[in-house]
Amino acid sequence: MVKVKVKDLTKIFKKGKNIVVANDKISLEVDDGATFGILGESGGGKTTLLRQIAGLEIPTDGYIYFDEKVVSAPNKIIVEPENRNISLVFQNWALYPNMTIYDNIAFPLKNIKMPKSEIDKRVTEISETLNIKQVLKHYPREVSGGQMQRAALARALVKNPKLLLLDEPFSNLDAQIRDSARALVRKIQKELSLTTIIVSHDPADIFSIAEDAGVIVRGKFVQIGNVSELYNNPISETVSKLLGDINTVEGEVKEKAIVIGNLAIPFDKKIDLTEVKVGIRPEDMRISQAEIIKNYVNIGKVKVKVSSYSAGIFKLIVSPISDESIEFSVNSETHIRSGIEAFLFIRPEKMKLFDSNGNRIM
Amino acid sequence: MNSRLIKYIILEIIAIIIAIFWLIPLYSMLINGFKTNFEATATPVLFPPKVFTISSYITVWGEMKRPLINSIIIAIPVAFISTIFGEMAAYFFYVTSERMPAVSNTGFSIISLATFIPYQATLLPLIELEASWGLFNSYQGLIFALLIFYMPTAALLMSIFIPVIPKYLIEAARIDKASDWTVFWKVVFPLTIPGFLATMIFVFIESWNNFFMPLVLTSSPSLRLIPVAERAFTGGYGTLYNDSYAAAVIASIVPLVVFIILGRYFIKGLAALGGGAKGV
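Heads up: the sequence lines are chains A and B, in that order. First residue of the first sequence? That's 1 in our numbering, and the numbers climb one at a time after it. First residue of the second sequence? That's 1 in our numbering, and the numbers climb one at a time after it.
Hint data in this document are derived by calculation from the structure and do not stem from the laboratory. All of these numbers come straight from a predicted model, not from anything done at the bench. There's no promise every hint is true.
Some chain A residues near chain B, calculated using beta-carbon distances under 7 Å [to be verified]: (1) Thr60; (2) Val79; (3) Glu82; (4) Phe90; (5) Phe107; (6) Met114; (7) Pro115; (8) Ala311; (9) Phe314.
From the three backbone atoms N, C-alpha and C, an ideal C-beta is built for every residue, glycine too.
For reference, chain A alone in the conformation it holds in the complex:
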């Protein structure tokens, strides 16, 4: 397959007097057969980066290498997208509406003048793998979203690309089939040991597909690393939020504790700040009527405001009894009625502290 290297890539869009820096000196390396995730808010420059790797956008500055070969240089596409041997699955799948699913999948093979019998064999094979054999004769508008997505994936994989690029490929799918679609992509990627780059705003996509990931904020990579490393040790509040649910509330640093309303988190390290933002993920908190839970620290009494349920977990919104405006989202194993008062527990080692600008201090 191929190793992708991006060096100091910059892309500036000029629209009249408006200048938008979509990518600002981005560098990254994706090893042969590895999967890399690009995570960020919408409008952050993720798709622009992917489109430059695909050769659909010309970089304003910087270089892109496939193996050691330069494919894009400042203001220049050296290898055109059709010669890069890549596949791109678009967010809306970009199936050709005038062709049947079969013709859509066969299109890249017809373009390289493959013999008809071989095309037939390959299309049948991939459509069996992706379970879309029954819709091959239909037009894209006649099939479901999940089938369209698998057809787009089939078209991407049938030509044996060296590099697979995925641009938010699951965002238009229903929640129920998203997980199976993710699993399918991951399985195929592993089987073919296909170098893959996925762009998404949804951390679930990144967790299921990618080993390493980079977080783009306003056109810049702010953190690159292993996915669980990013989750557990985000460098800023923004990164921590992009990787999953997290409670961030302001607290006052007192002697031996950080105080949030009537709650007190034991804290004996020396810092210069008097105000900090406390970040803690819902799964690192518990709520109980009992005063002690093993491995957790009781930080005080809270009142349950909202109690809901999603994907096998009871979700609670709780507030310190002294201040209803402060809210924590907490996971719970059992249903707890709203209005009930209980103790809030946290795992102190999982707590993250940020300064007022959102930078991680601890």
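Use these hints to put chain B onto chain A, whose structure you have.
The following block gives chain B in isolation, referenced to the frame of chain A:
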């Protein structure tokens, strides 16, 4: 009665009046062709014939047959070729608009200029050019001249229809290793068929109705096109009114039939501009 109903009735009445207004020439053309020459001259133009006769059609048919065939020989290739090339040009401008805006904008300005320039202004050099190439007074010469004027028009019209195709489809095709030729014929063309037909109908009717070009670019009567032949009935020594009307009907039949058969594509093509690529 409620005010909405009154408003509706008033609007309907206005629409009917306008429609009648538009249909008067068509009506008078149709009825006067069935009069005798005396009646056509003596009775008011909007009165139906007292004696119904098709004699003028029979007289005129002999003289209109050849021009009718000539016009078909000219207008079909002009409409087809200019729309195909026009669409190719429009596709070129569309795909280069991002990477080479200067090329795209200049080209687009030139075709706009070519469309809006009065063609009478360029006629003298055109006649000289055709004469020196031996194209004057020939089918090829007429086709060539009309193509010069209608190709930019078609390109301009197709430039309105082509951007209906989402750019990502063209990008997907490029990543699928399609050549420009393949992208055009397999993706762009099938998705713009309503726009293509709308443009082709427009160019066909324009070149069918064009009077001035065939008038100055041909000299032998055997090469006369429909509008020129039709004018010949309003001759030097007096006008045969019933024959003129009958000739006008014969001249209008082909564009009318084309519009009646393909008109819904014309409307569909224009409607596609509003609703994205839906319904294609």
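Results for each hint:
no., hint, in the structure
1, Thr60, "violated, 13 Å"
2, Val79, "violated, 12 Å"
3, Glu82, "holds, 5 Å"
4, Phe90, "holds, 5 Å"
5, Phe107, "holds, 5 Å"
6, Met114, "violated, 11 Å"
7, Pro115, "violated, 16 Å"
8, Ala311, "violated, 32 Å"
9, Phe314, "violated, 42 Å"
Taken one by one, the earlier hints fail for this structure at numbers 1, 2, 6, 7, 8, 9, listed in ascending order.
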